[in-house]
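Colleague: What follows is the residue order along each chain.
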Amino acid sequence: MSKEGFSISLASPHAPDMDGIQKLGIALFTLAFLFTLVGVFGPAAHNPDLFFYFGFVGSVIGLSIYTVRTFLNRPAGVQNNHIFTSSLTNRGLWGWALGIFLTGFYVVLYWGSDDLWSGSPLVLLFDPISRGLFNHPPDRWFLYSFIYTVSILIMGVRAILKYRHSNYQIIRTSSIMFFQLGFAFLIPQFLKAMSQPEYYFSYFWPLDYDILFPNSVDALLSNGALGVWMLIISAVLTFIATPILTYFFGKRWYCSWVCGCGGLANTAGDPFRQLSDKSMKAWKIERWLIHSVLLFIIGLTILLWVNSYLEGGIFGSISHSLTKVYAFLIGQAFAGVVGVGFYPLLGTRVWCRFGCPMAAYLGLLQKYFSRFRITTNGGQCISCGNCSTYCEMGIDVQSYAQRGENVVRASCVGCGICSTVCPRGVLNLENGSTHTDRQNNNPITFGNDGVGLRE
Amino acid sequence: MYIYMGHMKYEHTKPYEDWFWEKNRINLKRAFVSKVEPDSNVVVLDSGERLDYDELIIATGSASNKFGWPGQDLKGVQGLYSFQDLESMEADTKGIEHAVVVGGGLIGIEMVEMLLSRQIPVTFLIRENSFWNNVLPKEESDMINRHIRSHHVDFRLETELKEILSDDNGTVRAVVTENGDEIPCQFVGLTVGVHPNIGFIKDSGIEIDRGILVDECLRSNVNNIYALGDCVQLRSPVKNRRAIEPVWYTGKMMGETVAATICGQTTEYNPGIWFNSAKFFDIEYQTYGYVSARPKEGEECLYWEAEDGVRSLRIVYETATKGVIGFNAFGIRLRHQVCDEWLANKTPIDVVVSNLQHANFDPEFFKRFEYEVQSKFQAITS
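Those sequence lines, one after another, are chains A and B.
Quick note on numbering: my numbering labels position 27 of the first sequence as 27, and the sequence is numbered without any gaps.
Whatever position you read off the second sequence (first residue = 1), add 455 for my numbering.
Extracted from the complex, chain B is given alone in its bound form (with noise of 0.2 Å):
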């Protein structure tokens, strides 16, 4: 999103330096596998190409999810994973006058916000009453819903794609949605969710289900052949944890294990406590720890938001213990390192509460919360 909005050119977006992968032996080989033969050791490029190997490693990520609506393979509608899809999107969306951006997750907000910094009038349908709430509890979607508004977006709510039309070259010229408004537009963002991208192993004999089925230590039901990152399902998820994570550290953390396993030290694999984070256009989120979007039985939570209504933090407890297992901080930042120790060993809320300011990671002179937030625990609690 920031190459699209200028705030970056592609080479800046490389996690290293081009000389990095020959100075580390690794040959970097830019193709596309059409096929994967594990009887006998092989991938087929789609140049023909074949290449033997040892050990394999699949992280292929994920795909975008369509979902069989007419129209959905226009030109002009996409969804945005890869680079090849911002280039289609910067092709696409040159002088063009309006956009739809369908779905509301982390990826359409993102969508959104790069139209915007276009210029281009977007309208965003999502099916849920509230942004991303089945995520997120009810306060912070509401912040959300607000937060999008104020960017000037046409923002519907509860509203569904039915059909995507077509002008006479192919190209959309429109949606309509389930309640029969048509909208012209001339592009369309598809960002309902994303799925594990193992077409090209489908008929391998590698076993898969939604995603390349792996054991604990991450291998495929092939012997020397794993799988990490977006791409994998976990035949048995740790604890909390679910069996495809399409986020973006999943796939560092499983290359740690991966390698550590190649090398000879056979590893499971271990995420620690859940932690995540996206940025909806100004405000930036954090979470670590289980949050729910809806209260469960035997949880309580603190909930405080700053009068400027782009600040909250939440955080979830256990009713019996007291223990604290959640945190989601909006438009602050939280220190990683205490938040995972405050989850790991359970700390009582009134502990965490009280010592608020060594999570505290906003940058120095920031309007501290730690204040407030204690003013309303005694509140709640007194």
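In isolation and in its complexed conformation, chain A is listed as follows (with noise of 0.2 Å):
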């Protein structure tokens, strides 16, 4: 079908005429937008106060007030009208002209030198939030982090309207929200502010890929009892409530509900989840790539236990290389660069369903020794494709529901949205007795009496 037109709109670009409300959220988001863009040309520098609140507060009430408005504005239900004739939401130019946008961004946050950011106007922006907070100047991570908990919360209250006919989307996306306003800014920020290590709860080894390596044990342990404890909770997350909580709930237990990757790709991504591929091809590369990244962050905490105990004496230098190589190629060009700037181009989970040894770890335990499972109803699927066409990790979802077959997947992140919009009922995510009684594979139509398999 033809591509219609041109709309930045998050929602519905063919939503009906707006009303008063709506219009006034879009006019207040306009004009403090602009307003920001001003103060980050220069004068936020000096007069913070000002552009944070009129400008950057400003715009965050304005499209709150537009989005709230527009999801209230329709009856309760799935609400996927136009994602495929809009130019955003379907690689269109606007979809283009985001992702190179978001990717620039992350490139100049990763890599750009400290000169261009130390008294950037962007930075200082964010002066009176840091500073009220947690008393100290703001720095880019600062913002970067500001920035990524207001998304998952903006996006999220939008999420939360979009799916409001599901309770199961409603808690899940408050628990993203919750995590990543607590664990993964407040309680960091403030760590930070008293002068202890910035340690975040939510993000355990192996995807916070450092915390077990020799240095950073060294670093916490010489920290006296907080830094104890911070690592003894570490391992205790890794090693002991991942497998039990994973055998309990699947990995969704994690990923779709407290970490902060899967949480900005549920809310600031959900307008992009449709972009996944579902292709056979992208499972392949899908299993070889994230398998590698774990054995290769698995190999290097090894190596550099292995060094640190010798005190260099085999591996030399080389361990310290692959190091930077792991934090520059996985940790950043990936994880942040293409995971989250290609948001418009390729989906919300590349990191996730490429890259991320935590859910590579996850995946294995679901898939092998979990009760999880997302059951398929019968014979009641009709093969229409929603289920595949939303699944933001690339799972062709139908493939099993038009077989009756129950999915038991690796990558599943528990979002749920397969069942939230599949319209006849056939999908729902479950937690079984055992583990041994999840896939049926009995390819006949349910309700078939008169054909059987032969034995």
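Please note that a few of the clues may not be correct.
What the hints assert, rightly or not - Pairs of lysine-lysine, DSSO-like flavour, derived with a Cα cap of 30 Å:
| id | chain 1 | residue 1 | chain 2 | residue 2 |
| --- | --- | --- | --- | --- |
| 1 | B | LYS469 | A | LYS281 |
| 2 | B | LYS549 | A | LYS23 |
| 3 | B | LYS484 | A | LYS284 |
Read the hints as simulated data drawn from the structure, not as lab findings.
Dock chain one against chain two, each of which comes alone in its own frame, and use the hints as you go.
Modeller: See below:
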């Protein structure tokens, strides 16, 4: 079908005429955003309060008013109209523009020089919130962390409104917002403000890849009781809590309920979830890539410990170089630049699906030792394709559903959207009573009593 | 409908990736068949090409009904069944100001939803005095009536189409109803049911009635020609099933049956207990077993409707045995296997009601309905 017009709306480009409140929201957003832009080109450095409150906060409020009103104007239910006819959400001009902008932002964020960032009006714009809450001046990482959190919160509200007919989506999205705000923003920033290690309770090894490196462990240990406690928590979360929780709930307890990467994907990234590649080829690449990254980080961590034990006796500086390679290639280029920058081009879970070693670890547990599955409801699948289209992990859910087969896949993050968009009540995320009853491999349509499989 | 509404693109609607066919040694050929010649085992394509076969399976689906209304073949007037229909709907609804949909069934209400997604105001004409009330009991039909109106549809009950008027270019400009109202419009959806799509085999020697007549093994009167899906008319339907069943899964089940036969294990078509589903705007519908529009002799039912008016459950059971024979669920999801087992065993209604949680297929954290249904059951039985 042809593409229709251009729209930058994240909601519905063919929405009925805007009402007064929507117009007010858009007007406020536009004015405040332009004001912010003006500030970013210089003046914000001298008068951050003015530009932060009337610019940034104003545009957030304006956008929120518009979004809330737009979704509440429509009845509760699946609201995917025009997603594939809108330029932004179907890799059109606006999609590419946003993708290039985000990618550029990450490149400058990770690899821009300190000269570029220090004293930049963009960073100083956030001086009021940084000083107000944590009593320290903002740097580029504060800027990133703050914008990241605000994105999850605003777009989280949008996701809740969009999927408000589903309590699963409401509660899950609230959980993501809670963990991002508390565990990935407020707590680490307060710790930093109190000159303690900037510790993220919601990220652990192997996603937080250097937390178990010898240097980090030494640093934590030298920090006294709090450091030792943080180290113990990390180890317990990785090696004990993760397998147990995954056994009972699948990897979703982390990937779509707690993790900040998944959090951004399921909130800010929600308008782009349909762009993931569902082909068998993509699945093959996924399996090679994600497990290679897992092996890489396990190998690297072991190497560093051996090296540390031998005091550099055998491997010398190799392990140090490998650490740098991992940090650059995986930690920054893959997780950040590609992972988020390419949202509007490759869909939202590129990092989670192809790169994240934590997802690989959770996936292996989920595939072989978990009670979690997506149940297919008998013979009710009509092969419409909604489930596969809206799967952010690129799983061809329909290929299972139309065979009446339960979905047991390492990559499934349990976001539940396949079940939410299914028009016939075919799919349901379930934790069974055991991990052995999950696969039902009878491909004969349920209810076809005349045909059976041969012995 | 999802392509039109922008939920998906054409490629998303394919049941398999394109490599599937070749990998499974299936030669997928896109063409129209103009003729079948059973005597020489040849299928003739509209290009003139002739294909030989050993066994032929005809699965040509349905075609939309038209009942001889004046103007029914004008440009901008169509049913909705095939991809080609979708393409013409896409072309003929560009920039229009008003549309009319005639016929209150499953395709009609989908077409209304499609048009509304493009901000095209729709008048929805149905002959009955309530939506789909030849299938749905009164309460469920009322629920959908309310829901249709809440979506700002100009919904006209007990209104029949008389004729469709043309403009100077042979395009629709208005419809006229039996009571004389003229409704200006630039597009008319005719969704008054479907019939087997078998025009191309009319004089082939393959025996037909309304559909292709087949025996228990889905074989036509010609030994090596089978038929399956919407285009089939069973000579002797299995109990409680109709001779022609245009529903998505009969083709699948019949395909599995014919495959078994052709592969050497002669198998009779034996669909189990009836089930179906649909979605009316935002309300999902599932049905299992037999729920008739009007209560039959010897049957009773338990009907529960939530206060929000968009969720309901009806369980029909035999007065004498108390065994359950049908479920209608609106806005809630039921587990197919569990309902099927209860229906097969004619499990008593009180056992079903007290074990309702096993049939609940709603996602986690959804408001549970079992308690309200159980209270309702106690109220009517005590």
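Colleague: Tell me the numbers of any earlier hints that the structure contravenes, in ascending order.
Modeller: none
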